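Protein chains in written order, with this note's numbering: chain A, 1 to 231; chain B, 1 to 202.
Keep in mind that a hint or two might mislead.
Only part of the chain B face toward chain A is listed, based on derived beta-carbon distances under 10 Å [claimed, not checked]:
{"no.": "1", "residue": "VAL32"}
{"no.": "2", "residue": "GLY145"}
{"no.": "3", "residue": "ALA176"}
{"no.": "4", "residue": "TRP180"}
{"no.": "5", "residue": "ASP202"}
Derived pair list, reagent style BS3-like, types lysine-lysine, alpha-carbon separation capped at 30 Å [claimed, not checked]:
{"no.": "6", "chain 1": "A", "residue 1": "LYS182", "chain 2": "A", "residue 2": "LYS110"}
{"no.": "7", "chain 1": "A", "residue 1": "LYS225", "chain 2": "B", "residue 2": "LYS198"}
{"no.": "8", "chain 1": "B", "residue 1": "LYS112", "chain 2": "B", "residue 2": "LYS82"}
{"no.": "9", "chain 1": "A", "residue 1": "LYS69", "chain 2": "A", "residue 2": "LYS225"}
{"no.": "10", "chain 1": "B", "residue 1": "LYS82", "chain 2": "A", "residue 2": "LYS187"}
{"no.": "11", "chain 1": "A", "residue 1": "LYS225", "chain 2": "A", "residue 2": "LYS181"}
Hints listed in this document are in silico derivations from the structure and should not be mistaken for laboratory results. Since we're looking at a predicted model, the values are computed, not measured. For glycine and all other residues, C-beta sits at the position ideal for the given N, C-alpha and C.
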Amino acid sequence: MATSMMTSGFPNTEMFSDEFSRPDWLKSEVETGTTIMAVQFDGGVVIGADSRTTTGAYIANRVTDKLTKVTDRIYCCRSGSAADTQAIADIVNYHLNFFEMDTGEEPKVKIAANIFRDLCYNYRDSLMAGIIVAGWDKTEGGQVFTVPLGGMLTRMPFATGGSGSTYIYGYVDSNFKEGMKKEECLKFVANGLSLAMSRDGSSGGVVRLACITKDGVERFVLTGKRNTAIL
Amino acid sequence: MEYNGAAIIAMTGKNCVAIAADRRYGVQAQTVATDFQKIFEMGPRLFVGLPGLATDVQTVSQRLKFRLNLYELRENRRIKPKTFMSMVSNLLYERRFGPYFVEPVIAGIDPKTSQPYIASMDLIGCPMVTEDFVVSGTCSEQMYGMCESLWEPDLEPDDLFETISQALMNAVDRDAVSGWGGIVYVIEKDKVTIRELKARMD
C-alpha cells in the first residue's frame with residue numbers, strides 16, 4: 001500500500017516483498033515533498049514554493065506550480081499529497097466563487113482559510129495536506145494562515161511548510177523582522193527556499209514567488225542563473 | 001538501496017574510457033555532504049565506481065584495495081581489468097546470503113593491450129561486460145535512457161567527456177536522491193583527467 005509518512009515525503013513501501021522489482025512510479029503516491037513559505041508585509045503578502053513533485057525518488061515534475069489561485073487575491077501553497085491538495089484547492093475555489101456571487105464582493109482571506117480548515121479537519125484521516133493560505137483583502141490587508149496536517153488553523157506573520165521547511169527553522173527565526181518591505185520579503189523567501197532546496201531531496205527545481213497586493217498578483221521564477229535574479 | 005542514493009556511469013570511447021559519479025552523501029531525503037567519494041582508484045588506469053549503501057561503499061573499496069595490494073605483491077605486476085572484475089565478483093559472492101549493498105561499475109584500460117574495458121555487477125557479483133556503457137544507481141532507468149540516446153561509438157576523449165557528463169547530469173536531475181555535483185574521470189593510455197561538474201545543487 002502506498003501512502004507514506006508525514007512531512008518526510010519519503011514512502012516505505014517495499015520492505016520484504018517483491019515490490020522492490022517494480023519501478024517507483026507504479027508503487028508510490030505522487031507527493032509534493034516541498035518547501036513552501038509565506039510572509040505578510042504592509043500592503044500584501046509574498047508567497048513562495050519550490051517546483052519538485054516526486055513519486056518515490058523519481059522526480060515526476062521538476063517545474064510544478066505549487067502556488068495555486070483560489071481567488072484573484074488569495075492563493076494557497078500546497079504540500080503533501082499532490083492529488084489531495086489539488087482536489088481541496090478546487091473545492092475551496094468552488095465555494096469562494098459562490099460566496100463572491102452571494103455577497104457581491106471579494107472574499108476575505110480569513111474565510112478562504114476557514115474553508116480550507118473545515119475540509120482538512122473533517123477529512124483528516126483520509127487526507128495528507130499541509131497548506132498555507134495567503135492573500136490580501138481590503139479590511140485586514142495582507143494575511144498568512146497556516147493549515148497543517150491535522151486541520152488546525154492559525155494566523156501568523158510568516159509561515160513555512162513542507163519537508164524542506166525543517167532545514168530552515170534557524171534561518172527564518174534569525175532573519176525574520178517585523179515591518180519588512182516587499183523587496184526584503186522577496187529576498188527572505190527566495191533565500192529560505194534556496195537553502196531548503198539544497199538540503200532536502202524532496203524539494204528542488206525553480207523558486208516560484210508571487211507577490212499579492214491590492215493591485216493584483218505579480219509572479220516570479222528564479223532559476224538559479226545569475227541573470228534571472230530580480231533581487 | 002535508496003537509503004543513500006547514488007548515480008554512476010561508465011562509457012567507452014576511442015582508446016579511452018570515462019567513469020562519472022554524483023557527489024551526494026545523504027540519508028533518505030536529507031543531504032549531508034556534497035563531496036562524497038564514490039569512484040576509487042585501483043590502479044593507474046583502473047577505477048571502480050560504487051553506488052549503494054554508503055557504509056558498504058567505503059568497506060568494499062577498502063577490502064578490495066587490500067586484496068588488490070596482495071595480488072600485486074604476489075604477481076609483481078599491475079592487474080588486468082578483466083581479472084579485477086573477477087576479483088570484485090568473488091568478493092561480493094562470498095557474501096551471497098548477507099550481501100554488501102553495492103552494485104559496482106568498473107572502468108579501465110588493459111595495461112598490456114591498451115584496450116578499453118567496462119563492466120558492471122549486481123550486489124552478489126554477477127558480472128556484465130559491455131562494449132558501450134554501463135550504469136548503476138538509484139536513477140539507473142533515467143541513466144539508461146540518456147546513455148542509449150547520447151552514446152555513439154569511437155568518441156574522442158573530449159567528446160566522451162561531454163557525452164558522459166550530459167548523460168549523468170540530466171539523469172540525476174530526475175532523481176530526488178542523487179546529484180548535488182558530479183565528477184568525471186577520463187582515462188586514456190597515457191593520462192587520467194579528473195574534472196568536477198558544475199551541476200544543480202538540489
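Evaluation of the provided hints:
1. For VAL32 (chain B), the interface hint holds, since its Cβ comes within 10 Å of a Cβ in chain A; the closest pair sits about 9 Å apart.
2. Given hint, GLY145 (chain B) at the interface with chain A, is violated; its Cβ is 12 Å from that chain's nearest Cβ, farther than 10 Å.
3. At its closest, the beta carbon of ALA176 (chain B) sits 4 Å from a beta carbon of chain A; the interface hint therefore holds under the 10 Å criterion.
4. The beta carbon of TRP180 (chain B) comes within 8 Å of a beta carbon in chain A, closer than 10 Å, and the hint placing it at the interface holds.
5. Restraint check, ASP202 (chain B) versus chain A: the minimum CB separation of about 3 Å is within 10 Å; hint holds.
6. Restraint check for LYS182 (chain A) and LYS110 (chain A): the C-alpha separation of about 21 Å stays at or below 30 Å, so the hint holds.
7. Only pairs whose Cα atoms come within 30 Å are accepted, and LYS225 (chain A) paired with LYS198 (chain B) is accepted, the gap being roughly 12 Å.
8. Restraint check for LYS112 (chain B) and LYS82 (chain B): the C-alpha separation of about 12 Å stays at or below 30 Å, so the hint holds.
9. This hinted pair checks out: LYS69 (chain A) and LYS225 (chain A) have alpha carbons roughly 27 Å apart, not beyond 30 Å.
10. In summary, the hint linking LYS82 (chain B) to LYS187 (chain A) is not supported, as the alpha carbons are separated by about 55 Å, beyond the 30 Å threshold.
11. For the hint linking LYS225 (chain A) to LYS181 (chain A), the alpha-carbon distance of about 25 Å falls within 30 Å, and the restraint holds.
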